[in-house]
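There are 4 protein chains.
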Amino acid sequence: MGEKKVSIGNVAFGGKEIVLIAGPCSVESEEQLLSTARVVKKEGARVLRGSAFKPRSSPDAFQGLGKSALEFLQKARSETGLPIVSELMDTSQVNALAGTVDCVQVGARAMQNFELLKALAKTNVPVLLKNGLSATVKEFLQAADYLSKGGNKNVILCLRGIRTFETETRFTLDLGLVPALKKLSGLPIVVDPSHAAGKRETVPALAKAAVAAGADGLIIEVHPEPENALSDSAQQLNFSEFQKIVPELNAVAKAVGRKI
Amino acid sequence: MGEKKVSIGNVAFGGKEIVLIAGPCSVESEEQLLSTARVVKKEGARVLRGSAFKPRSSPDAFQGLGKSALEFLQKARSETGLPIVSELMDTSQVNALAGTVDCVQVGARAMQNFELLKALAKTNVPVLLKNGLSATVKEFLQAADYLSKGGNKNVILCLRGIRTFETETRFTLDLGLVPALKKLSGLPIVVDPSHAAGKRETVPALAKAAVAAGADGLIIEVHPEPENALSDSAQQLNFSEFQKIVPELNAVAKAVGRKI
Amino acid sequence: MGEKKVSIGNVAFGGKEIVLIAGPCSVESEEQLLSTARVVKKEGARVLRGSAFKPRSSPDAFQGLGKSALEFLQKARSETGLPIVSELMDTSQVNALAGTVDCVQVGARAMQNFELLKALAKTNVPVLLKNGLSATVKEFLQAADYLSKGGNKNVILCLRGIRTFETETRFTLDLGLVPALKKLSGLPIVVDPSHAAGKRETVPALAKAAVAAGADGLIIEVHPEPENALSDSAQQLNFSEFQKIVPELNAVAKAVGRKI
Amino acid sequence: MGEKKVSIGNVAFGGKEIVLIAGPCSVESEEQLLSTARVVKKEGARVLRGSAFKPRSSPDAFQGLGKSALEFLQKARSETGLPIVSELMDTSQVNALAGTVDCVQVGARAMQNFELLKALAKTNVPVLLKNGLSATVKEFLQAADYLSKGGNKNVILCLRGIRTFETETRFTLDLGLVPALKKLSGLPIVVDPSHAAGKRETVPALAKAAVAAGADGLIIEVHPEPENALSDSAQQLNFSEFQKIVPELNAVAKAVGRKI
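Chains as they are written, first to last, in my numbering: chain A, 5 to 264; chain B, 5 to 264; chain C, 5 to 264; chain D, 5 to 264.
Here chain A stands alone, though its shape is the one from the complex (with noise of 0.2 Å):
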């Protein structure tokens, strides 16, 4: 557990409970979100994450929503409760997500997008913010300073492994950085098994792995169909897969003594 407890809407991270934070990766129709929503919900998932506005390597590849995206996931929080959170990449979009949504996701590309944490950091919203593909721990941590240092102490790290050699895993990523960011920062760390095994079939152990680990939250990505889904097709679990995998997340919990 991490010195500091940061919450998005009133679900608190960095205390006792772990949180899961489940979602499709694209909002891509409001029945999408919506059927997703209520399973994840009734699964044990605390928040709803849902991009509307994607980084894509190509821009040949969807691009995400945008502001109707945006309603979505409103109307969505409005039927479950569930607070959101959902991702932005650039300065323009700080105020339509600030207002809207109730954490926003720094992705990896971004992390050194030094103008948009100035910005975010002139907010009170609650940033996500994820490690570069190839930041250091310390420049992981210069990010985060970038935020509270300029008036946001709401910050939640989220490690999702970084780019290496090995292509057998989509990213590499060590668990190892779990104690040590929370020793390093005192912040809460949320793992993100999903872009971390670019497979779904190894997102169940690193997400057991995860919460063994110490993580005080899992951000998972799950679809209603991921075979059709407009990104990270992969990687994404169906519903019956997660509801599979949270009683098994909620063992490993318990044997550190914690709970989902």
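Keep in mind that the hints are not guaranteed to be accurate.
[As the list claims (entries may be wrong)] Now the in silico label distances, taken between C-beta atoms and shown as ranges:
no. : chain 1 : residue 1 : chain 2 : residue 2 : range
1   : D       : K157      : B       : K79       : 57 to 65 Å
2   : D       : S62       : B       : K187      : 23 to 31 Å
3   : B       : K79       : D       : E231      : 29 to 37 Å
4   : D       : S244      : B       : K187      : 14 to 22 Å
5   : C       : G70       : D       : S72       : 43 to 51 Å
6   : D       : N128      : C       : A238      : 52 to 60 Å
7   : D       : K258      : C       : G190      : 43 to 51 Å
8   : A       : N99       : B       : N232      : 39 to 47 Å
9   : D       : E75       : B       : K157      : 43 to 51 Å
10  : B       : E35       : C       : A238      : 49 to 57 Å
11  : B       : K142      : D       : E231      : 20 to 28 Å
For the record, the hints were derived by calculation from the structure and aren't laboratory data. Quantities reported herein were computed from a predicted structural model and do not represent experimental measurements. Beta carbons are placed, not taken as given, at the ideal position from N, Cα and C, and that holds for glycine.
For this one, chain A is given, so just place chains B, C and D on it according to the hints.
Relative to chain A, chains B, C and D alone:
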């Protein structure tokens, strides 16, 4: 030589001539910039570099002079006739820079700032696009696609090394990528030996090697007093070091059928 | 659980039980080894480790006690009944070790010592094969093929992390490879949290995470006085740290349907 | 130029002359080796390379002709006068090679085969020591220390690139390490553009860059029919490619005050 030529001001990249871009890492004062501009022009540089806005890992580090630096750059251009290149970090800076400088630099940490790329795609300002620290060749070319498919064909690729375990050099620069990128993209390829080396005594060897490998240009940091520089102190060349390197580069250029 | 079971002495790897291998990095004296063997056995370790021959980056570092260490290992086995595993580095050591120890360890730097693998392939001694620091999963499995296709099927794979730019941990251990390797090879998978962590305070988190990820065994360095150890001083657990970790590991093991 | 000169046969490394080592990856037949030896000698190579024992990732790959290859190498030396360099992988090969060839190569995967280094330290045979795929500069120099502190000062360092996430080139070669290694060790530095590039069309650029960066020698794979080679098929130059590259290298050498 690349198939496509791109010009910064009246200086063409991708032809027989290998273009030297030189100047301080950060614009620190009018005098610092002007004195450097005069020297690098005299020695053979064709474009002046200098950052007004600095992406820094730590929020406590010097962040650049901002708009006053842009004024100094314009003065330096007026006096020396050298076109100017300066870095931008955020969509909010596009209008200020695109109308002022002759080329905007997108740094390594912004290579996948897709909103910035989209905004620059709607201008015609030449873009010096540096590779991300963990970007593959494929991703580097996809970032360039955001510009060219979005409408701005004035793209120059800049190799500056990637992050690896090796710390003897600051970044790991693979010059085998010069011919590979040229073949795959047809774009002019500039090499940044200063950031790759990270220490001034290694810059000459890497610069000469880049010319031998087929680079269409070099971007080299030069400062009147590197030991007192506000950023990148260890890697900037002083005036006499720059004076010494240019004829050496020219000799290698001639050996591969080109010229500085 | 892997498809194939491999035994060291009478201890099976790849079944429901997760096996603890523990002991000092280097065998430094009879007393050091015996005192450690007694403690780790009492706490639940099933196999004793201890290096007689040490691969050291510097020629000035302690190189191991050699043959006298092998005698101490045999004494420790006689007294405690624990089978012993020790590292070998060269074909010239195969006969001495294969007849003496219950399992030979091929370290990261020898994973692609193909002559050594060929020599071990002609024996039946169980081999604990560690991944090379820059070996891909494919190369790791090909190294195992040198053993199994050469006639020695008694292969246990050991994950110990790879080298990356991150230095907060000594090596970067991707536990997503545990299920991947198990699926691809069918072999038992042991994880080495000590070398991956590089500092003792990180070992427990990584060890628990490895169990949660599905490891069939752990190899943990334990020393009576780590601060005075002749090698790997920072990462060896002392007796009380080892005593504390075992019930924690057992709890996680039970949570994933297994036991220590 | 390095401070220390080391000779292979009567060919000195570390002086004004940049030495070309050339020949096939593997010795495949007497005719293959002799025809290559004649061509590379005629074009300006001063040392002949050719492997008798091959370290191969897969046990199913061609493992080298072994002793008969050593006979062919001796014949080629007799006929052409070129001293010969060949790789060894294990202590058991030291006597056979040290008495036969003029220089033994320790490959990347054996750079930290410390028993092999200790055995070679007791001979006077010149050693071409390649950097390991994940070795730091410090570890590379420590491996050289095993030789020189052990009594064999005839060490030539060979840079061949490291493993990174980039796959456009086979390995990632940082030529900034040429001056760094020369300064730190004083030893002659040879560069291997063939393995770094991994494809023949990239070899010329890297080879010229290495000369410009200050290399004291190059080791280049040349084969009569690369498309039919039993190893490293993609990266070996054919005769006409080698004939074309030598004058280009000579031109760059002259530009940096040296010669081939």
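Given the range 29 to 37 Å, decide if the beta-carbon distance of B/K79 to D/E231 lies inside it. Cβ of B/K79 to Cβ of D/E231: about 59 Å, so the range 29 to 37 Å is violated.
Tell me if the beta carbons of C/G70 and D/S72 are separated by a distance inside 43 to 51 Å. 36 Å, violated
Given a hint of 23 to 31 Å, does the C-beta separation of D/S62 and B/K187 actually sit inside it? Cβ of D/S62 to Cβ of B/K187: about 30 Å, so the range 23 to 31 Å holds.
Between D/K157 and B/K79, does the beta-carbon spacing fit 57 to 65 Å? 58 Å, holds
Can you let me know if the beta-carbon spacing of D/K258 and C/G190 is within 43 to 51 Å? 59 Å, violated
Should the hint that A/N99 and B/N232 are 39 to 47 Å apart at their CB atoms be regarded as holding? About 40 Å separates the Cβ atoms of A/N99 and B/N232, which means 39 to 47 Å holds.
Do the Cβ positions of D/S244 and B/K187 conform to the proposed distance bound of 14 to 22 Å? About 20 Å separates the Cβ atoms of D/S244 and B/K187, which means 14 to 22 Å holds.
Take a look at whether the Cβ-Cβ distance between B/K142 and D/E231 falls inside 20 to 28 Å. With Cβ atoms ~26 Å apart, the hint holds.
So the hint says 52 to 60 Å: do the beta-carbon atoms of D/N128 and C/A238 match that? 39 Å, violated
Using the beta carbons of D/E75 and B/K157, state whether their distance is inside 43 to 51 Å or not. Violated, at about 60 Å.
Does 49 to 57 Å hold as the CB distance between B/E35 and C/A238, or does it fail? Given range 49 to 57 Å: holds, Cβ gap about 50 Å.
Taken one by one, the earlier hints fail for this structure at numbers 3, 5, 6, 7, 9, listed in ascending order.
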